[in-house]
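Q: Next come the chains, spelled out residue by residue.
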Amino acid sequence: MRADFSTPQRQSGIGVLLIFLTTIYKFVKGFWVLGVYFLLKSPGGRILFFVGLGISILAIFALIYSYWYYRKFLFHIDYSKEEFMLQKGVFSTEDIAVPFDKIQQVYLKRSILQRIINVYSLVIETAGSSDKEISIKAISKEKADKLSALLIKVKKDAAIAETETEELEDPANKEVLWTHKLNFSDLLKIGFSTNYLRGLALIFVFFSTIFNELRPFVEDYSEDLDEQLNQIPGLLESVGVFVIIAIMMLLLSMIITVVEVFIKYYGLKLQQSKNSLELEMGLKTNTKISLQPRRIQLLQVTTNPVQKWLNLYEARFSLASSENTLEKSKIKIPGLGETTVEKIKSFVYADASVEVSLEKTFLPDRILLFRQMFQSVFLPIALSAFFPIFTDFIAFNTWTVMVGIYFIIGIIWQLKLFSSKKLQISDDFLRLKSGVWNKKEETVETYKLQSLSVIQPIWYKKRNVCNITFHTAGGDVSFRAVDKKIVPYLNYILFKIETASKGWM
Amino acid sequence: MASLMENFSNKEIDLSSLPNYEEVNFNPISAQYLKKVLVESGIFLVIVLIVVALLFYYQIETYYIYSGIVFFVLFFGFKLWNSIKMQDEYGYAIRERDVLYRRGYLISRTTVVPFNRIQHATISRGVLDKFFGIATLNIFTAGGSGGDIQIPGLEPELAVRLKESLAKKIAEDES
Chain A
260 MRADFSTPQR QSGIGVLLIF LTTIYKFVKG FWVLGVYFLL KSPGGRILFF
310 VGLGISILAI FALIYSYWYY RKFLFHIDYS KEEFMLQKGV FSTEDIAVPF
360 DKIQQVYLKR SILQRIINVY SLVIETAGSS DKEISIKAIS KEKADKLSAL
410 LIKVKKDAAI AETETEELED PANKEVLWTH KLNFSDLLKI GFSTNYLRGL
460 ALIFVFFSTI FNELRPFVED YSEDLDEQLN QIPGLLESVG VFVIIAIMML
510 LLSMIITVVE VFIKYYGLKL QQSKNSLELE MGLKTNTKIS LQPRRIQLLQ
560 VTTNPVQKWL NLYEARFSLA SSENTLEKSK IKIPGLGETT VEKIKSFVYA
610 DASVEVSLEK TFLPDRILLF RQMFQSVFLP IALSAFFPIF TDFIAFNTWT
660 VMVGIYFIIG IIWQLKLFSS KKLQISDDFL RLKSGVWNKK EETVETYKLQ
710 SLSVIQPIWY KKRNVCNITF HTAGGDVSFR AVDKKIVPYL NYILFKIETA
760 SKGWM
Chain B
2 MASLMENFSN KEIDLSSLPN YEEVNFNPIS AQYLKKVLVE SGIFLVIVLI
52 VVALLFYYQI ETYYIYSGIV FFVLFFGFKL WNSIKMQDEY GYAIRERDVL
102 YRRGYLISRT TVVPFNRIQH ATISRGVLDK FFGIATLNIF TAGGSGGDIQ
152 IPGLEPELAV RLKESLAKKI AEDES
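Protein chains in written order, with our numbering: chain A, 260 to 764; chain B, 2 to 176.
In short, the hints are calculated from the structure, not lab data. Note that the structure is a prediction, hence the values are computed from the model and not measured. Heads up, a few of these hints could be off.
Just so you have them, the derived chain B footprint on chain A, three or more residues with Cβ under 8 Å [what the hints assert, rightly or not]:
#	region
1	337-350
2	706-713
3	725-733
4	748-762
Computed far set for chain A versus chain B, every beta-carbon distance over 12 Å [said to hold, decoys possible]:
#	residue
5	Val287
6	Trp291
7	Leu317
8	Ser370
9	Ile515
10	Lys523
11	Ala644
12	Gln683
13	Leu691
14	Asn697
15	Ser737
Far from chain A, some chain B residues (derived; all Cβ distances over 10 Å) [unchecked claim]:
#	residue
16	Leu39
17	Glu41
18	Ser42
19	Ile48
20	Phe57
21	Gln60
22	Thr63
23	Trp82
24	Gln88
25	Phe133
Built from N, CA and C at the ideal position, the CB exists for glycine as well.
Could you build all of it, start to finish, from the sequences and the hints given here?
A: Right, dumping it as structure tokens:
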């Protein structure tokens, strides 16, 4: 066994105990209900004997399993391939290889159990979600320190080219180029112009809970209520009552939205210096974030007609999950003016070439319109027909009127939604636009894509269309039902990723 | 400015000259994989049969059970048909700079992962995989799970070879 971990090695011998205890713990967690049941039942000696026997056999199996798990858990550093290798699993086996330069972070941690038996967990994080991290659960302090030091060293060596190009801290870089602040009236404007659907939903949840609590009470008085309702003379008045209720609901949801906006974005300050964009906001929890262009994977700008008129745009950034786990992966900045949005874009995409030699806009195929119509208009109407036909919850005439209104609005909405969908591919960017009321524009730098999927349901084959999903480290972006003429452009996107000299993060 | 322009070119891009991902020849996966899927379905079927037998044994007969059985037969038939149809659709290809993986019959899905975006690769083998002598190659990117690739039904040696050649390609790509 050599100190440089170049030969496969096992965890600490005491690790068997840890694996055993963890396995037992998992069993207990799964079957504690049974245990409680037996305790309460206080069964006779015979049953107790068999239960005891069962448990001991289980324990023996767990011990054998733990031993085998320990034997099969092998890790080493392969210096020639520049990879950290791990093999594990008793019944199913897994071979894991992490290239040095893909290691994001190496750290030690220990649980109470690990503290008691004096071992450490060594965790190796790679970019991406948490399930992609690798941990060695039982390793002695001495070995853990050595291994983590080695891994950090090889990681640094592998990444040296990158770190060299990074600029040193220069006071000139700290100089503030522009600042964007939100004052009281801005926050008020944002609150009143953002979508109230969330507020409405909150109210709905609130009232339905109250209603459920009060139900027995309400049912007692429902007969009285019916009488009172019958006394309301004409249809006109009841419509009036309905309108008043609707207006009150709207006002309430507005107030809720405004309060929410104040809590989230009070004191928002966006400041750009030469190398970074600093963001500060929040009443309850003060968030401070430095946005670096290379971390930004996806930029989304939204606005609606009212906000556009007030010159309010909202930007959302998706960041790659980075070494700093405290950093939120999605950041929303509301209330930006059009010029500020442009400034942010020119900062984030400073490296992109100005000259455009390629620009192509794709629109979805008509089949998507039919799909939308079916999903959001025809299917709900067909399903809602259940109520007038099988119950007397609603009269057939009323249903027809409501469905008629829904049908007209639905058709117009879906037509607008369909015509708003656009995919734009240019030299360095992908841009997706969509939205009827809330207009959304998503921008991705082509070279920051991780992979792409082309999906073709069998019923799309005849029309020669497909769905495309672009996978970024900040989430997926999809465009549905686009003509296969896009294939050369996908080839171009792959070419761009594969020849990119810059790292995506 | 002449010195600046020396290494700079901005030719128009000829899209048709780029290698087309649709023209690659996909390698099929091992026929053992279909056997594994069928055995899995068989185990599932046995469990359901036991449940049904128990229900009948305790004479809990309502028309719910019968409609349940009809539904299950239809579902199982579809699953079987789909598994058989899907077997021929599995395919993978390795190009100079990326990996391609295609799967799905009713909904065909092709994912392309460039080598310079691969985080790491693993090989996993379940109990049934070991029995049928196959393995799964998992390729991870930093994108969501939809952007990752899991190629099932590879001969274990092939899986190892593929993984190793991927590692080499990733390393080459970075130097």
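Q: Are any of the numbered hints broken by this structure? If so, which, sorted upward?
A: Hint 15 contradicted; others consistent.
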